[in-house]
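Protein chains: 2
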Amino acid sequence: VHAGKRRGLNVLRSPAAGSSPLAIVCGGGMFPLAVADEVSRGGRVVFLIGIRGISNSAIERHPHSWLRMGAFGRMIEDARRAGARDILFVGGLTRPADWRELRPDARLLLLLPKLVRAFRGGDDRLLTALAEAVESAGLTVRGVHEVAPGLLIPAGPLGTYTPDPAALADAQLGLRVLDALSPHDVGQGLVVAGGRVLAVEAAEGTDLMLARVAELRSGGKVRVSGRGGVFVKAPKLGQDRRMDTPAIGPATVARVSAAGLAGIAVAAAEVMAVDAETMVADADHAGIFIAGLAGVQP
Amino acid sequence: VHAGKRRGLNVLRSPAAGSSPLAIVCGGGMFPLAVADEVSRGGRVVFLIGIRGISNSAIERHPHSWLRMGAFGRMIEDARRAGARDILFVGGLTRPADWRELRPDARLLLLLPKLVRAFRGGDDRLLTALAEAVESAGLTVRGVHEVAPGLLIPAGPLGTYTPDPAALADAQLGLRVLDALSPHDVGQGLVVAGGRVLAVEAAEGTDLMLARVAELRSGGKVRVSGRGGVFVKAPKLGQDRRMDTPAIGPATVARVSAAGLAGIAVAAAEVMAVDAETMVADADHAGIFIAGLAGVQP
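Sequences listed follow chains C and W, in order. In terms of this note's numbering, the first sequence has 1292 at position 51, counting the first letter as 1, and numbering is strictly consecutive. In terms of this note's numbering, the second sequence has 1272 at position 31, counting the first letter as 1, and numbering is strictly consecutive.
The hints are simulated quantities; they were obtained by calculation from the structure and are not laboratory data. Among the hints, erroneous ones may be present.
No copy is singled out in the list; a pair is fine if it fits within one copy or between any two copies.
Taking lysine to aspartate or glutamate pairs in the DMTMM-like style, the calculated list, with each CA pair at most 25 Å apart, reads [unchecked claim]:
1. LYS1462 - GLU1376
2. LYS1462 - ASP1448
3. LYS1462 - ASP1426
As the structure is a computational prediction, the values presented were derived from the model and not from experiment.
Using the sequences provided together with the hints, build the complete structure.
In structure tokens form, the structure reads like this:
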């Protein structure tokens, strides 16, 4: 609590009992806003840090600042000035093709050799290295599961529809394959139908993967009679839970429906729901199940 | 040898010393013809069995017959009538969406319950079940590695260009990920660039996966400076080597080039080259390496 006052700053509302303001570094999309809204509803003060060219301008409905990609020192400063001791990273970041695009500030320059080494090792290691750098600057990196656990999808079905035994078997196969991929920093999602893996998500992301399944079906390359198959999503096992929480929302339901799938299965308490009310209503309307799976069956 | 005479048939050329004629059941594409040409060049008589709507009509340059998908009994009969004791399956088959599309003949009907069970278990188990059925009818199922080992890509570079250490590291990572996927009957190919898996092949097949990588790069979603990244191809570990030999050819080189990759790495002696001469000339022209990797480094 004292952190909000120590520097005498632009945070006007007092933080919820026992928690300092939370700084939220916003990647792309609407997920950062969903988290900010939820944390804010819980009574904790939030301060959003937007990255120019990446974050959605809707973050401006909360106290915020904007900085350019690469302004690592300023990010730490802004968070501190807002009185935050905790910081959260959420939403998609485009990986730079080239470190020069980052225009690193002095502080980031010092970190660069370490980050470049981590960069070669895939997203997980890059994010972990970034988290370590932030923590060595005196802030604690938090995950969505810590600051907004209510956003995580619990075990069991969310809406009206439930997976049938065939869909459950497909979902379990999907989780096993995601587990097998995890050590290699690949894939938070895939599609299984009739015991067969139809698509695995890598750099293209979830949306393009689901669009591919829709095309494979409409083109007759993959033929499944009726609505069938499951979109399965889970965090990578080695993934730093603080740095990259997978999420689904109404747009996911629309794409799953377009791909002709029967439903969505996620690792319970590991994947967050954005705009859950709309998402569940849309799923019910489309006849699609959304279910949290409590664990992988061998 | 006696098999060719036992039934007094339409095989006129005498088989090479020690080997009966080889029946080749032709899936789609030009791979069946490449195998038939190679076996034939080696002096062994071939008899090609085409499947209407799937096989390329170019198979007609060899002794052949045509049958419809599902005519399992006739396939066995045709192979026997040609004097074959050995049979080879090669080239892509479209999986039927529905068993009714197969119009199974009497012999296949008897096998259906077993095949339907295997179908649920993915391609590998389906193919293994099919191989067992063919063998119980008295034919020996052969693989490309047995009848045309000269088509398999050996360890080392094939053309002028060789992978640099970064490309080798990407290739090794690719083989490790393919190994991890193998038990789940997924993926014979993927693309790795800069230590990161960009794309994993599932039901869409190699061509669409490589087209996706080209799009991801041209769209700026994945940025790799200059020509970089490796297309990695290997058979699934659990894969019945007799039933489904992965292959690359000139078309693969064209797609790898369009995707901006540095080269192609395959599991040595496990992947076949179709029209190797043209393929290597094209790769040399495009500045792309093609290399067989002798084993996965942990």
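Outcome of the hint check:
When the C-alpha separation of LYS1462 and GLU1376 is checked against a cutoff of 25 Å, the pair qualifies neither within a copy, at 49 Å, nor between copies, at 29 Å. With identical chains, the CA atoms of LYS1462 and ASP1448 are at most 25 Å apart both within one copy (19 Å) and between copies (13 Å). Within a single copy, LYS1462 and ASP1426 get their C-alpha atoms only as close as 28 Å, which misses the 25 Å cut-off; across copies the closest is 18 Å, which meets it.
The earlier numbered hint that this structure contradicts is number 1, and it is the only one.
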